[in-house]
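Residues in the sequence shown are numbered consecutively from 5, following the working numbering.
If you are wondering where the hints come from, they were derived from the structure by calculation, not from laboratory data. Idealized CB from N, CA, C, for every residue including glycine. Do not rely on the hints blindly, as some may be mistaken.
What follows is a list of derived Cβ distance ranges for each label pair [to be verified]:
{"no.": "1", "residue 1": "Asp54", "residue 2": "Arg411", "range": "55 to 61 Å"}
{"no.": "2", "residue 1": "Thr180", "residue 2": "Ala302", "range": "38 to 44 Å"}
{"no.": "3", "residue 1": "Asp346", "residue 2": "Pro561", "range": "50 to 56 Å"}
Taking lysine-lysine pairs in the DSBU-like style, the calculated list, with each CA pair at most 35 Å apart, reads [claimed, not checked]:
{"no.": "4", "residue 1": "Lys308", "residue 2": "Lys287"}
{"no.": "5", "residue 1": "Lys449", "residue 2": "Lys287"}
{"no.": "6", "residue 1": "Lys570", "residue 2": "Lys348"}
{"no.": "7", "residue 1": "Lys348", "residue 2": "Lys159"}
{"no.": "8", "residue 1": "Lys159", "residue 2": "Lys570"}
{"no.": "9", "residue 1": "Lys348", "residue 2": "Lys287"}
{"no.": "10", "residue 1": "Lys287", "residue 2": "Lys159"}
{"no.": "11", "residue 1": "Lys159", "residue 2": "Lys308"}
{"no.": "12", "residue 1": "Lys348", "residue 2": "Lys308"}
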Amino acid sequence: MFLAMRTAVEEALGETLAELGYPTDDLGIERPPEDVDAVLASSVAFRLADRAGAPPPAVANEIAEAFETETCAYVGRVETRGPYVNVHPGEQYFAETLAASQDTQYGRLEPRDRRVVVEHTSANPTGPVHVGRARNPVIGDALARLLEYAGYEVKRHYYVNDAGRQIATFTWAYETFDESELPEPERDSPEYDLVRYYRKGNTYLEAADPAAVETAESEIQTILQGLEEGDEAVYERVSDVVEDVLAGMRETLARLPAEFDEFVKETQFMRDGSTDDVVARLKDSEWAVYEDEAWQLAFPDIDKNLVFLRADGTSLYTTRDIAHHEWKFEHFDEAVTVLGEDHKLQAEQLRATLGLLGHDTDRLSTVHYSWVNLPEGGMSTREGTGIDLDDLLDEAIDRARGEVENRLGDRIREDDLDEDDVERIAHQVGIGAVRYDIVAQQPTKGITFEWERALDFEAQSAPYVQYVHARTCGILEQSELDGKHPETGRVDGAAAVDGTAVDSERLSSEAERDLLRTIARFPAVIDSGADELQPHVVATYTRDLADAFNVFYRECPVLGAKADTKRARLALVVAAKHTMANALDVLGVAAPESM
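Please build the complete structure, drawing on both the sequences and the hints.
Written out as C-alpha cells, the structure is:
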C-alpha cells in the first residue's frame, strides 16, 4: 500500500502546488523521522519559501490547508511540523495492508518484462572458495533474489576463467605430479583434492632449477597457445580439471545457499570466434595503439591503457570478457556484475571499451564490495591455506548448535525437540548468521566478521530477526478458533481468519498501527532496493520489522484477547509472518518455524 499511497500523494501534492501557483518539478517527498507517525513527508516548503516570500513553516501550512485529503486514496489527514508537510494514513491504508499481507507472496511486485543477468562469484577454479571472497556469492545471490521479487526475470551466471595462466599451470601440475608427492587433502571434496596439485606446481616453479622451470613454462605456454588456437585435445585436458574443481565449489556455494542457472566458460568466446572479432574491431578503433609489443587501447579519460592482444597473438582475460558482455547484451536487457574492489579499474576499462564499440553501457551495472576479514584468533587456520568458506560455515553451525542447546536445554531434555530439530535450527541460525552479517552492511564497507555479534539473539542480528518469524509461528500454532488452526485469507478484499472478515479498526493501538505501517513499507523497500541494487536495505528493514513486532508482542496479547480482537491480532501476526519470511527469503536467510 505504501507504493500506491506514494503515487496518490505525488499526484495530489502536484495538483495542490499547481493550484497555488507553485512549480511541481520537485515535490521533496521523503520518509519522515522516527518520532513522526506519518507515512510520508514533503520538504517542498523549503524550496518554495523564496518564491512565496514567506518562511517555510508558513508555506507548509498553506499547502496543508489546500491539500484535499478526501480525493487522495489512503490519506487520512495532512498536518505540518515546522516546514514539513506530513501525510498520515487513513483506515483504508491499514485495511488494505492487512488484507494484502495475508498472501504468502506479499512483497513480490508485478512482472516488469525485463530480463536481467546477475553474474557473481566467478572465482578462478583453482581451489576452495576463500572466506575473504565470501561476500561475492552472498551479495550476488541476494541481489538476484531482490530483483526477482521486484518483478524482473533473472538468471544467475558464474563466469568460469578456464583459459588463463592459472588454469594452464593447474592442468600442467595435475598431469605432472603424482599423488604420492602431495599432502593429504583437507576435506573429502574434489576442489580440496585437486588444489594440492596447483599448490605443488606453484611451489615447484618457485624453487626448481632454472632449466626445469624453463621446461615447465614451455609446457604451460603450449597449453595456453592450444586454448587460443581452439585445440580440442588441449581444451579437453583443461576441462577435466576445471569441471572437477567446479563440482566441489558448487557444493560449498550451495551451503550458503548460492546456486547458478549457468556456468559460462571463458573459452566459449575463444572457440566461437567472438574474441577474434572483438580484437579485429578494437584494432580498427581510433584509440588502438601498438606499444611495448602489445595491442592496447589508450582511453581518452582513463590513465591506464587496456592491453587486449599480446605480441604472440594471445588474448587477455578482459578481451574475452568484452566478447562475454556483448553476448550478455544479445540475450538480456540488463547485466549486473558483482566484483571485488580490486577490480574497479578492470570494470572501468570494460565499460569504456563497450562504449567505444557502440554499446549502451547504461545496461551494465557493477556492484563492488570490500573484503570479509576475521578478527585475530577468531578461527584456527590451516597452515599455508588460510580460511576457506567451508571452515567458516562449519564453525558457524557448531557455535549456533551450542547457543541452541544452551537456550533450548529444557525443551531438549523434555523431548520436545529431538536431535534432528537441534541440527536443523543450528544450520538455519548458523549459516543465516554468516549470510545476514555479510549482506546487512553496505558492500563498499569492509567487514570484520565477529561471532559474538553475528550470533547475538538480543542484538540486531540474524537470530534476532529469525526469532520473530519463529515467534509468529508459535503464536499461530497455539491459537485455536472453533477448534482448529486458523486459516487466513481474504473475504471481499479484507483480511480474514477462519473465513470471517477481520475489522482492521480493531487494531487501533499505537503498537498495532506501527506494525501495520512497517508491514506496508515492504513492497517499497523491494522496489527501491532493486532500483539501487542494494540488498542491505532489506536487512535494515527486517530489523525495523522485528522491533515493531516485538513492541506489539509485549503490549498486545493475542491469544488471551477477546474473540474479535483476537481474530484481528491473529491476522496481524500472519501479516508479520509472511512479511518477515519473504524479507528473509530475499536475503537468502532461513525463516525457522521454531527456535
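(request) Enumerate the violated hints, using their earlier numbering and listing them in ascending order. (result) 5, 6 and 8
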